[in-house]
Amino acid sequence: MRKLPQIAIKTKKHIGECELFTMYFDPILSALLSDPDKNVLLRWSNVTCDETGEMRPDATISKLCQRDFGPSLGFGEVKLARPSTDNHALCHDLLRLAIFAKDTVDINKLQAAMTFQINGYNIVFFLTRLRHDGIYFMQEIGQLTFPRSLEELASFVNLKSIRTLLMVTETFWRLCRPLHDEECWEAKRRPTHPAIYSLIDSTKDRRRFCALRFE
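FYI, in the numbering used here the residues of the sequence shown are 923 to 1137.
Hints were generated in silico from the structure; no laboratory data involved.
For lysine-lysine, the following BS3-like pairs were computed, each having C-alpha atoms within a straight-line distance of at most 25 Å:
#1 Lys960 x Lys985
#2 Lys1031 x Lys960
#3 Lys1031 x Lys1110
#4 Lys985 x Lys1031
#5 Lys1082 x Lys925
Generate the whole structure from the sequences, applying the supplied hints.
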């Protein structure tokens, strides 16, 4: 609450990505997805890790192993709500999250991985799991619009928002952990396509229908 301005900032172009997630999202998300007592931290690091190769997710949920960052339990991508942020950019971020989650499930032998996508003040949470032979499910489990100021805080604190936040944190702590039956899991997993990003068309067609809807 102490980080939010009294009234919403009108000019969005003056807000950078770093300011967006540290001022508006981190206070709540850290309470949901971080716990120093359990050696789990939400990091807005924008650095590479073992599961992402050369790609750098904006946020990483890391498990601490002694004095180093260990397995990644989830990832986040952030985009500012600007005219340049079109469906092409948002779909590309969503694909990145899907690959990050799939790879960390494979490498760290997790039951599930949590990801979230921020677009302006809107956030969508996803859970990725390996359920059948070679079939990974990426399921949307909740979406919210975070308050831009203290004036909007009252409308944010309602039963629907509280239920969504509680469901997200309960799902994360219950499922984003190492699995028990590694032998069965090993038979189900499949490698990631080595050139999956080459399947993305480098050109854009604004008239092309987008099957996904971004708020």
